[in-house]
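There are 2 protein chains.
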Amino acid sequence: MTENTTDNLNIILPHQIRITEIQTHDIRFPTSLEDLGTDAVHIDCDYSATYVKIFTDHPKLVGVGLTFTIGKGNDLCAACIDFFKPFILNKTIADLENKMHSIWRQCTNHSQLRWMGPEKGVVHLAVAALFNGIWDLISKYHNKPLWKYIIELNTNDLLDKLSFTYLDDAISRSEAFVILENKKRDVAFSKKNIIKNGFPCYTTAAGWLGYSDEKMTKLIKNALANGWTHFKMKVGQDINRDIKRLELVRKLIGPNNILMIDANQVWSVHESIEYINKLKKFDLYFVEEPTNPDDVLGFRKIKDAVPEVNLATGEMCQNRIMFKQFLENGSLDFCQIDSCRMASLNEIIPIMLLASKLNIPLIPHAGGVGLCEYVQHLNIINDLIITSNDIRLSEYAESCAEHIENPAIISNGHYVTPLKAGYSAIIKQKSLEDYNFPSGKYWKSVL
Amino acid sequence: MTENTTDNLNIILPHQIRITEIQTHDIRFPTSLEDLGTDAVHIDCDYSATYVKIFTDHPKLVGVGLTFTIGKGNDLCAACIDFFKPFILNKTIADLENKMHSIWRQCTNHSQLRWMGPEKGVVHLAVAALFNGIWDLISKYHNKPLWKYIIELNTNDLLDKLSFTYLDDAISRSEAFVILENKKRDVAFSKKNIIKNGFPCYTTAAGWLGYSDEKMTKLIKNALANGWTHFKMKVGQDINRDIKRLELVRKLIGPNNILMIDANQVWSVHESIEYINKLKKFDLYFVEEPTNPDDVLGFRKIKDAVPEVNLATGEMCQNRIMFKQFLENGSLDFCQIDSCRMASLNEIIPIMLLASKLNIPLIPHAGGVGLCEYVQHLNIINDLIITSNDIRLSEYAESCAEHIENPAIISNGHYVTPLKAGYSAIIKQKSLEDYNFPSGKYWKSVL
Chain A
1 MTENTTDNLN IILPHQIRIT EIQTHDIRFP TSLEDLGTDA VHIDCDYSAT
51 YVKIFTDHPK LVGVGLTFTI GKGNDLCAAC IDFFKPFILN KTIADLENKM
101 HSIWRQCTNH SQLRWMGPEK GVVHLAVAAL FNGIWDLISK YHNKPLWKYI
151 IELNTNDLLD KLSFTYLDDA ISRSEAFVIL ENKKRDVAFS KKNIIKNGFP
201 CYTTAAGWLG YSDEKMTKLI KNALANGWTH FKMKVGQDIN RDIKRLELVR
251 KLIGPNNILM IDANQVWSVH ESIEYINKLK KFDLYFVEEP TNPDDVLGFR
301 KIKDAVPEVN LATGEMCQNR IMFKQFLENG SLDFCQIDSC RMASLNEIIP
351 IMLLASKLNI PLIPHAGGVG LCEYVQHLNI INDLIITSND IRLSEYAESC
401 AEHIENPAII SNGHYVTPLK AGYSAIIKQK SLEDYNFPSG KYWKSVL
Chain B
448 MTENTTDNLN IILPHQIRIT EIQTHDIRFP TSLEDLGTDA VHIDCDYSAT
498 YVKIFTDHPK LVGVGLTFTI GKGNDLCAAC IDFFKPFILN KTIADLENKM
548 HSIWRQCTNH SQLRWMGPEK GVVHLAVAAL FNGIWDLISK YHNKPLWKYI
598 IELNTNDLLD KLSFTYLDDA ISRSEAFVIL ENKKRDVAFS KKNIIKNGFP
648 CYTTAAGWLG YSDEKMTKLI KNALANGWTH FKMKVGQDIN RDIKRLELVR
698 KLIGPNNILM IDANQVWSVH ESIEYINKLK KFDLYFVEEP TNPDDVLGFR
748 KIKDAVPEVN LATGEMCQNR IMFKQFLENG SLDFCQIDSC RMASLNEIIP
798 IMLLASKLNI PLIPHAGGVG LCEYVQHLNI INDLIITSND IRLSEYAESC
848 AEHIENPAII SNGHYVTPLK AGYSAIIKQK SLEDYNFPSG KYWKSVL
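Protein chains in written order, with our numbering: chain A, 1 to 447; chain B, 448 to 894.
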């Protein structure tokens, strides 16, 4: 696999390697057949990826990036990437590294496509896939896992790549500089620890709403046996069923393990207050997405009404401007950055920096396709050079790992730190071929 | 034109007419050639429409709907509508009238497509086009202009069609009922007046950034001669040029005519405060979109810093949840509803009702393709059965009127009330054929 082999590449200078081709693929896995990913509003998820391959004139250097979707619309996202190709093709690795922010703004602020957003929905997901691929490419060129490439960048070189557009009322570049420089002082020590111990995570894999009580019980018992201590359950289809399930879960995991719930936006603000009051007796670490993900002020109303319960949101938080408001307004207690909805590290890192400034913990969203692989890097970057908050936690949901070349490895409830070059989310060639939509072998056989 | 002929249709019962086919068209007009629509961030707009035709088994009854875009991405929006067809095909007119809200939720809350939003960007624009077409179809069946169909609906029948999902913390259905019932008491008198006098509007047509001072001067002089009294200018590319242009405009229109400016999101919050302080001496009626359209709290920061200047926003406000926050938070002074970005009247009317509750005036966004035709109806509906606010104003920018069958007519700075059946935005058949992208005659000749 060329996508995974990058040793000794940087004996060639970065301005000598040029982007020659960008391929997009609409990849869909039929996960709806097994109720994977089912929650109060997503009842038939086919975990999917808009997948991008960025080829260079060096046969060994290929960047891959993806954004996660749940089926229909993945084709629109793939088609959208075509509009951005002219900004990337023929650029050198040096161009991508040195002019990254202006190229990113060409895409996110495209003079015609911005009408379809701006910076949200299909067009923003497309930018996410493309820039995830660009970061993968650059770090492979340097033969480093992405987290290592980032933490070893000179602070100004890193800041040059990021977007603080529309953020300056909340965090300035110079404040960001200070946060990074202060935190970097003990990076050597932390790095040793993180490579040794990994990064703690919680599991969502037992909690899908489509699962029967029997299946859920079996999965939780397995998880306990494998060392898991943090569990997230889906709620929101029926409050009485939610109460019964949470009674069962709390009994299974005992009083000391951590329990959180996720309503996936199904309640109004008033319903959120009513139902959270009914469910809080289960000692909830947080309630995720009680209501609409756009509702900065609605989340705050819920928090004001039930101040003893923490709220989490972010997997559908569309961009840095929305996160800025959620963070500044105290509308969330846990910031659940999504590696594929935000337009890659270019706006994720600025939001991590703002969360650090406000001392709000980060617990990235994961699961789906490739998200676990991506968040490993985000967690380490945040932990080593950004946050000073003590809470260290990340989501994990084993899904579609069989299609990933080197999937995230979990040991005793911890992500094992990835050491291979790149950004880790590479789909196996055979899976790309079989699950290409609609022409791959699998889809041909069922459509 | 079948799309325009509906007399005597309702001798056939509404459950006897069925939707048989839905066609989508990607229509683009090369307006970038004349700098039409140019502002601080949209430098090369090709005014476009994702255009939907809804055919029935009655040859004389065809609904048409559109959403406005500015070029690239119009194809994605057209493709997205295909996913919603199964929810509409084979439905009767009676189904559409009686189950409209549940059909609308099937589309806006589609279990897979909602991941691409939810309720924003490409997928939401697609719902807008489709439901603009459905409202057009229903009102044509009743042989009434849409505004008349709406104001004559029984209040509960109207409310049944609308979405208050995620709004109940700001406005309840029963509050909405009271607003409508109270206002309807004097509808007969107001209706007579609005048919006689039309609805006041302001013009944007002279203010595009790409226009030279000479062209702008000529257009303003023409507009003054034609009775215009309200003028909007684009700003934001260069503060010194803005000052010079506004000096010229103020001199041309004199101290008594109304002047407003539109920065099209180009400033950060800090820059907004700085530049608005520099420009406020020109006696501005409002400043539109100083910063990012998602930034509810940022707008409020600007208002708090320069309380003497009114702010307006809305053409990029993605859905009712965002408008709820802008309105409740006092982040805007004028609510610029967009008929094609919001998912049609189903969520526009609830926002009008909330604005009415909070006594915030509505000044809908228009221009582009079909927007002026649509907002005529929204203004009248708001004026006759919703708002109690005294300010009556709407945008007008003559653009692409030559492609519309019965374009909005302006007389002495007022929209002349449309009296034909339907929702008014019908593109001429020849324009549909010539400007179909990329296969129409015009695009074939230039691509």
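Please keep in mind that the hints were generated in silico from the structure rather than gathered at the bench. Built from N, CA and C at the ideal position, the CB exists for glycine as well. Among the hints, a few may not be true.
[To be verified] Subject to a maximum C-alpha distance of 30 Å in a straight line, what follows is the list of computed DSBU-like cross-link-like pairs (lysine-lysine): (1) B:867 x B:500; (2) B:728 x B:665; (3) B:665 x B:591; (4) B:638 x B:691; (5) A:441 x A:430; (6) B:877 x A:85; (7) A:183 x A:91; (8) B:507 x B:546; (9) B:698 x B:643; (10) B:804 x A:85; (11) B:725 x B:668; (12) B:877 x B:532; (13) B:532 x A:444; (14) A:91 x A:441; (15) A:420 x A:60; (16) B:891 x A:301; (17) A:441 x B:500; (18) A:357 x B:891; (19) A:301 x B:668.
[As the list claims (entries may be wrong)] Simulated coverage check for chain B against chain A, where a stretch passes if three residues somewhere in it have a Cβ under 8 Å from a Cβ of chain A: (20) 519-532; (21) 609-618; (22) 622-635.
[Said to hold, decoys possible] Counterexamples of contact, computed for chain B against chain A with all Cβ distances above 12 Å: (23) 485; (24) 602; (25) 672; (26) 697; (27) 720; (28) 742; (29) 743; (30) 745; (31) 767; (32) 768; (33) 840; (34) 866.
Each hint, compared with the structure:
1. B:867 x B:500: Roughly 18 Å between the alpha carbons, so the hint for residue 867 (chain B) and residue 500 (chain B) holds.
2. B:728 x B:665: Holds. Residue 728 (chain B) to residue 665 (chain B) sits at ~24 Å (cutoff 30 Å).
3. B:665 x B:591: Distance ~39 Å between residue 665 (chain B) and residue 591 (chain B) Cα, so the pair is violated.
4. B:638 x B:691: violated (43 Å)
5. A:441 x A:430: holds (10 Å)
6. B:877 x A:85: Measuring from Cα to Cα gives roughly 34 Å; hence the hint is violated.
7. A:183 x A:91: It is violated: about 33 Å lies between the C-alpha atoms, which goes past 30 Å.
8. B:507 x B:546: holds (23 Å)
9. B:698 x B:643: violated (33 Å)
10. B:804 x A:85: Between residue 804 (chain B) and residue 85 (chain A) the Cα gap is close to 47 Å, so the pair fails against 30 Å, i.e. violated.
11. B:725 x B:668: holds (26 Å)
12. B:877 x B:532: holds (25 Å)
13. B:532 x A:444: holds (23 Å)
14. A:91 x A:441: Cα-Cα ~35 Å, so violated.
15. A:420 x A:60: holds (15 Å)
16. B:891 x A:301: Since the Cα atoms of residue 891 (chain B) and residue 301 (chain A) sit roughly 55 Å apart, the hinted pair is violated (cutoff 30 Å).
17. A:441 x B:500: violated (36 Å)
18. A:357 x B:891: violated (54 Å)
19. A:301 x B:668: violated (51 Å)
20. 519-532: With 8 residues close enough to chain A, the hint holds.
21. 609-618: holds (count 5)
22. 622-635: violated (count 0)
23. 485: violated (10 Å)
24. 602: holds (22 Å)
25. 672: holds (33 Å)
26. 697: Holds: least Cβ distance 29 Å, greater than 12 Å.
27. 720: At roughly 9 Å from the nearest Cβ of chain A, residue 720 (chain B) sits no farther out than 12 Å, so the non-interface label is violated.
28. 742: violated (5 Å)
29. 743: violated (6 Å)
30. 745: violated (6 Å)
31. 767: violated (10 Å)
32. 768: Residue 768 (chain B) is in fact no farther than 12 Å from some Cβ atom of chain A, at 4 Å.
33. 840: Consistent with the label, residue 840 (chain B) stays out of reach of chain A, its closest Cβ about 24 Å off (over 12 Å).
34. 866: Answer for residue 866 (chain B): holds, closest chain A Cβ roughly 32 Å.
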